[in-house]
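One-letter residues, chain by chain:
Protein chains: 2
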Amino acid sequence: MTAGTITRRLNAQATDFNTQLDQLLSWESVSDATINQRVLDIIDNVRSRGDAALIDYTRQFDGLNVAQMSDLILPRERLELALTRITAEQRTALETAAQRVRQYHEKQVQDSWRYTEANGTVLGQQVTPLDRAGLYVPGGKASYPSSVLMNAIPAKVAGVPEVVMVVPTPRGEINELVLAAAAIAGVDRVFTIGGAQAVAALAYGTESVPPVDKIVGPGNIYVATAKRHVFGKVGIDMIAGPSEILVICDGKTDPDWIAMDLFSQAEHDEDAQSILLSPDADFLDQVEASMQRLLPTLEREEIARISLRERGALIHVADMAQAVAVANRIAPEHLELSVENPEELLPQIRHAGAIFMGRYTAEALGDYCAGPNHVLPTSGTARFSSPLGVYDFQKRSSIIYCSPEGASELGKVASVLARGESLTAHARSAEYRIKAD
Amino acid sequence: MTAGTITRRLNAQATDFNTQLDQLLSWESVSDATINQRVLDIIDNVRSRGDAALIDYTRQFDGLNVAQMSDLILPRERLELALTRITAEQRTALETAAQRVRQYHEKQVQDSWRYTEANGTVLGQQVTPLDRAGLYVPGGKASYPSSVLMNAIPAKVAGVPEVVMVVPTPRGEINELVLAAAAIAGVDRVFTIGGAQAVAALAYGTESVPPVDKIVGPGNIYVATAKRHVFGKVGIDMIAGPSEILVICDGKTDPDWIAMDLFSQAEHDEDAQSILLSPDADFLDQVEASMQRLLPTLEREEIARISLRERGALIHVADMAQAVAVANRIAPEHLELSVENPEELLPQIRHAGAIFMGRYTAEALGDYCAGPNHVLPTSGTARFSSPLGVYDFQKRSSIIYCSPEGASELGKVASVLARGESLTAHARSAEYRIKAD
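Protein sequences appear in the order of chains C and F.
Quick note on numbering: the first sequence equals residues 1 to 437 in UniProt numbering.
Quick note on numbering: the second sequence equals residues 1 to 437 in UniProt numbering.
Each hint can be trusted.
Looking from chain F toward chain C, a few residues come up when the C-beta cut is under 7 Å (computed):
1. Thr-361
2. Ile-400
3. Val-416
4. Arg-428
To be clear, the hints were calculated from the coordinates, so they are not data collected in a lab.
No residue lacks a Cβ here, since even glycine has one placed at the ideal position from N, Cα and C.
The whole structure should be built from the sequences, with the hints applied where relevant.
Structure follows, in structure tokens:
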């Protein structure tokens, strides 16, 4: 990069572009042996000492003077109280967002189904909600009320009877917007604990914290490491990498808009990634000029500057076909199709967490209130995973109900295959149900 | 246990029953530091040396005299050849099973959807298949053709263009039934590699093995450990524990049938778990007598005997309500409701991988040919996870397409919430789209 530029410029037609792109995208979360051992110790301690361990860790890590576990429990009334401590405008915005998120997610509910075969055999799938879900909410600066809505509402729409939230309150700092969001989203219980100890408590339960079936929500490296370790004992959501946006623009959107869309990712943290693809080289210059002018006006200028310098790019593509090819290669978390006719491109997009279509659909709208979830697959995992959704809080049981005739027919097939696998008790169990001809 | 008995007898009304049940169910896969390091080394080696590493490991672990990578590739024609090397009866059985599995799984296909709001804003979900799936098939004795069908067919039904299978052939041992099943299931490419090296190759790709997006299928501790490590780079299915069956019987099914159903789990391996619940104590005696008589007639008697002794149980329950409560606590992989009216119990079953209803529905029918998948959540993970299905090979992208009016309305809400989170670039990006009143 030349001095004074905000971010790198690449050309997708360069011979070494694929290598450059790989370097730009490369990201592997550091698995530090020390952190790993520290987390394992915390989990063991919470499993063996329960509440006492939670109290100790909360004193130690959150600087809270806690005497007993009841000091770490926020009753539902405290959440309701938060609703009176935020502004009316904020409350309306949260309620509007919640209502839209609920409406969208209701479309994701999966129903049980079954069908009956000619001989009376019934096959189907029974869909049921989890019994209890745990929601991790970070404390301090990364404590986002929007994340409370996005994580808790799908669970409630799925029909999960009990949603338990944990949120650390370092030095007693309570975020009223977060509690208000919890009240609106229907969170049932809140514990003011955090870190690996909160994850361990949710996974294994303590005297006060009920064990949950699945833990969702973002967190720091300790939280992510703990989630990895309890995976299998409970379900977890994807372990998120840094947030990213890929904008494809035909060069006809206001360059200030595009610059601000890129900033809205870059301001998240220094590792966030903002990339713009356009076939119009002049437009890339215009966006860069906008960025030069607007960057100094950002509250989070320093974070955005580092993110753009280290991980951002403006990429010149030959045409829209190449833009789509690069997008599919990246499999971005957020994809903006800031073009005249985004419907034309949509069928060609194979991998993306969320697709923001047209010039008016700023990614920020999806972050807060459009309706779809803002918990999305990062770091190329959109190749094989989906936004957080109601389906993450439902599970399926297969249903098989054979009629005597069905069991007899299927028994013959099963017998041949089981014997082919030398599993003769399987075969004999099936053969008992074969009718004598 | 008294000497001479086959398995333990418990009473669900005993005061210490919960503790006994916990002990019976307790199972944690051993995470051995040596295996872990060995697997990490193998992954690193395959990432850096590609095919050459695969050739070395296959020589070393599978005792194969391999000269070049092409010796480890089975073309589609070789799979077709296998169809001529199995019996006509076996081929028909495989084809019948495949057709039934395909028919059931077609019901699981999820479609894209969208809806339009009053102001023209469009919201939706685009569902697409993975680009490429990898299927691990164990070699030697645990090489099951039925697993090939159960893993490959959902991927193909989902529309995955390329399904790549790996199967080790220790000392050149090729299982023709496995290759025939691959041909029938529509597997596209087969590599005769196995172990952690095969998982690494599928996750990262080599000169010959294409990188996949998701790896499914069972394997030994090296395979399971490798899957855990590549999770995040690719998707994986659940890491399976030992297989289990829970039978609830009202005491009116032929005790020989129930004994053989329990054996069909127990013969899998020494860690497999077979449990029977009945309110009829005499029936438990009858089943035990059947087991005493039939166990010596099993080909896999020794495995079943150890499994039943170490992990099996016949449990006397007070009534059906208690049976259901115990079943929900166990969240079994396989649940047989061997009762007169299983429909009555079904709505009360909250957690189970697959539910086999009525006296005729032997679990073995589901293992091979009923239609539903036999890859099911084990070790209580049915509390939060589902059978392998088409949904494991599809992913979703959220769609947001705001009209100018929609963007303006949503922009106001997003602005309030973003400013509440001190993310002002988010707010400004949304505010650009607000119309002047």
